[in-house]
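Sequences and hints are given; from them, build the entire structure.
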Amino acid sequence: MTIEVKDVTVRFGGVTALKDASLTLDRGKILAVVGPNGSGKSTLFNAITGMAKPAAGTVIVDDKRIDDLPAYKRIAWGVARTFQTPRFDPKVTVEEAVLCGFFRLRRTSTMASLLRTPNAAAEEKRFRDRCDEILDDLKLSEFRSQQMSELPMGRVRLVEVARAVANEPKYILLDEPAAGLAVDEQLMLSHEMRRLAERGVGVLLVEHNFNLIRELAEHVVVLKEGSMLLEGTPETIAKNQAFIETYLGSTGR
Amino acid sequence: MQGSRLKLLMPALSVVVVIAVISPFIFSSPFWLDNSVLVAIFSLMALSVGMAYGQAGILSIAPAAFASVGAFATSVVTTRYGLSPLIGLVLALVLPMVLAYPMARAITRLSPLPLSIATLLLSLVLELAIREGGDFTGGYIGLSGIPTLWFAPNLVSMHILGWMLVALVLILYVNLTNSAIGRAVRTARHDPLRATADGVHVPSLLAVYFALSASVAGLAGWLYAHHLTYMGPDSLTMHVSIKIMLMAVIGGASTFLGPILGAAFLTLITLYLPAAETQGMIFGAVLIVVLLVAPNGVLGTDWRTFFNGKKRKSDVARVQPAVGGGAA
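Top to bottom, those sequences are chains Z and L.
Counting along the first sequence from 1, when you hit position 113 you're at 113 in our numbering, and nothing is skipped either side.
Counting along the second sequence from 1, when you hit position 85 you're at 1085 in our numbering, and nothing is skipped either side.
Derived by calculation from the structure, the hints in this document are not laboratory data.
The model shown is predicted, which means the values in this text are computed figures rather than measured ones.
A few of these clues could be false.
Unchecked claim - Below, simulated DSS-like cross-link-like pairs (lysine-lysine); rule was C-alpha separation at most 27 Å, straight line:
| no. | chain 1 | residue 1 | chain 2 | residue 2 |
| --- | --- | --- | --- | --- |
| 1 | Z | Lys6 | Z | Lys64 |
| 2 | Z | Lys6 | Z | Lys53 |
| 3 | Z | Lys224 | Z | Lys91 |
| 4 | L | Lys1007 | Z | Lys91 |
| 5 | Z | Lys73 | Z | Lys170 |
| 6 | Z | Lys64 | L | Lys1007 |
Said to hold, decoys possible - Chain Z regions said to be covered by chain L (calculated; three or more residues, Cβ under 8 Å):
| no. | region |
| --- | --- |
| 7 | 68-77 |
| 8 | 91-101 |
Built from N, CA and C at the ideal position, the CB exists for glycine as well.
Following this line, the structure appears as C-alpha cells:
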C-alpha cells in the first residue's frame, strides 16, 4: 500500500521543473519534501495528482499505474491534496468549504439529490456531522460561519487541510500547510498529521520549517533545482553539508 | 441541524404564501390571471437562467430556445398526432436536456464567452429550423389549436398549476443547491481546478447541471404552449431570451427568489409601457441601474451592509451562493 513515484520528469516548455524524481510513500507514514523555492516540490505534487503531465516516469498508487488517469479520478482513488497558494472562494463559509471536500464520497444520484430522498438526506447529514468533527479536530468550529475572506492566511490553510481530510483519502499531500500559522496552531496541525498517519493515511508534506519536519517525518527527500539532492532520516539530512549549503545558504552555518 | 428541512422549503413556501394572498384579488379578473400565468412561465425560464448562470456561471443566451424546444415538442405531438399533453410534457423535459448536455459537454471546457456565443448560435439555428420546418413546425404560420390542458381547463386552474410548478421547481432547485452537487457546481464556477482537487469531473458535472437548467426552460415552454394554444416562429425568440436573462439578473441570478421577482417586475412594467419600442430603452436602463447599484441583483445584495457604508467593495465581484434567497 504505497504511492511509488518512479523517475518522474516534468517539463514546462524548455524548463525541466522536475527531473527523475523518485519516492515511496507508505500508508501510515509521514514523508517530507524540502527544497528551496522553485525546486519542484509543487510540481511533484501536480505530477502525482495528475495536474501536470510528466514527460517521463510513472506514478503507481496501491500497485496500480495511474499515469493515464485524469486528476479527478486520482482524487477519487484516494489521493487528496492542498495547494501551496490556497484556492478557495472568498465568499464561501468555512463550513461550506470543508463540506465541498466530501464530494468524492457521494453515493446518491443527481435525481436523489434533487428529490432529497431519505438516502440523500441521510448522506447530507453524515457529511455535516463528519464536517463538525473535522472542524472540531482542527479547532475551526468557532469560525464555521465566517467567510473565507475574513480568515488570516494561516487559518485558510487549516481549512484547506480540513477539506482534504474530508476527502477521506488514503494519501494526503499537504503543500506548506504550516506556513503562516501561530505556534499553537502548528502544534495542533502536527498533532492532526500524526493522527492521520496513525489512522493509516500516507502523508506527504512540503514544509520549510525543519523543526516541524524533524518532529514529524520519518523520511525526508531534498529537492534542488528539480533534481533529488539526497534523502534520509531528518537527523542525517540536518547534518548533511550539501543540504545546509542549499537550504540555509552558507550564512546558515 | 434542527429545522433544516423547513429552511429548505422556505423559498417555495414564500412563493406559495404570496400567491395565496394575491389570488383572491385576481380570481375574478381574466386579465390579471392571464398575466399571473405568464409571470409563472417566465419565472420558470428565469429560474433556468438562475441555475445555469447564478450557480454554474454559464451565461446561456438560449433560455427561450430551450423553452421553444419544449413548446414545439408538445405542440407537435398534441396537434399533429393527437397525443396527450402529458407525453408532450415528457418530451418538453427531455428534449432540451438531450440538446443541452452534449452542447455543454463540448464547450464547458472553453471559457464562458465561447459558451455564450454557442448558445446564441443554437438560438439562431433553432429559430431558423422552426421557420423552415414546413408543416411539421408550422413554418412561418406557426401551430395553432394547441389543446388546453384537460386538468387545467380555465385560467384559474392554469394560474394554480403554473405556480405549483414554480414551487415544485424551487423545491428541487433548493435541494440540489444544498447538496454535494450544488457545492461542487459553485466551486467549479469559481475555480475548476479546485473542484477537480475535490474529485469533481468538472465538464460532466457542469453539463449535467446545464442540462437540468435547460429542462426547466423546457417545462416553461410546455406551459407556455398550452396556455397560449399557439406557437409560432416569433413566440420564443432571442428577444425573449434576453428579457429572461434580464429578469434573472435584476432579481438576483444566484438567489432562489430573485429570478421570480425579476420575472414579476419586468412582466408588470411591460404592461404599463406605452409601446414596444420603449421597452428596450427601459429594460436597458433598468439593467444599467441594477448593474451599477447592485450587481448581484435586488435579492442578491446585502442591503444592510449596503446602507451601513460600503466597506467591502471587493465583495461585489463574487456572489454569495443563495441560501434562503434573501427571503430572510
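Structure-based check of each hint:
1. For the proposed pair Lys6/Z and Lys64/Z, the alpha carbon gap of about 13 Å is at most 27 Å, so the pair holds.
2. As the CA atoms of Lys6/Z and Lys53/Z are separated by approximately 14 Å, the hinted pair is consistent with the 27 Å bound.
3. For a cut-off of 27 Å, the pair hint linking Lys224/Z to Lys91/Z is broken: about 37 Å separates their Cα positions.
4. The hinted pair formed by Lys1007/L and Lys91/Z meets the criterion: a straight-line CA distance of about 21 Å does not exceed 27 Å.
5. About 14 Å separates the Cα atoms of Lys73/Z and Lys170/Z, which keeps this hinted pair within 27 Å; it holds.
6. At roughly 45 Å between alpha-carbon atoms, Lys64/Z and Lys1007/L are farther apart than 27 Å, so this suggested pair is violated.
7. Interface restraint, the region 68-77 of chain Z with chain L: holds (6 residues with C-beta to C-beta distance below 8 Å; minimum three).
8. Restraint check on the region 91-101 of chain Z versus chain L: 6 residues with Cβ-Cβ distances below 8 Å, three needed, restraint holds.
Going through the hint list in order, the structure does not satisfy hints 3, 6.
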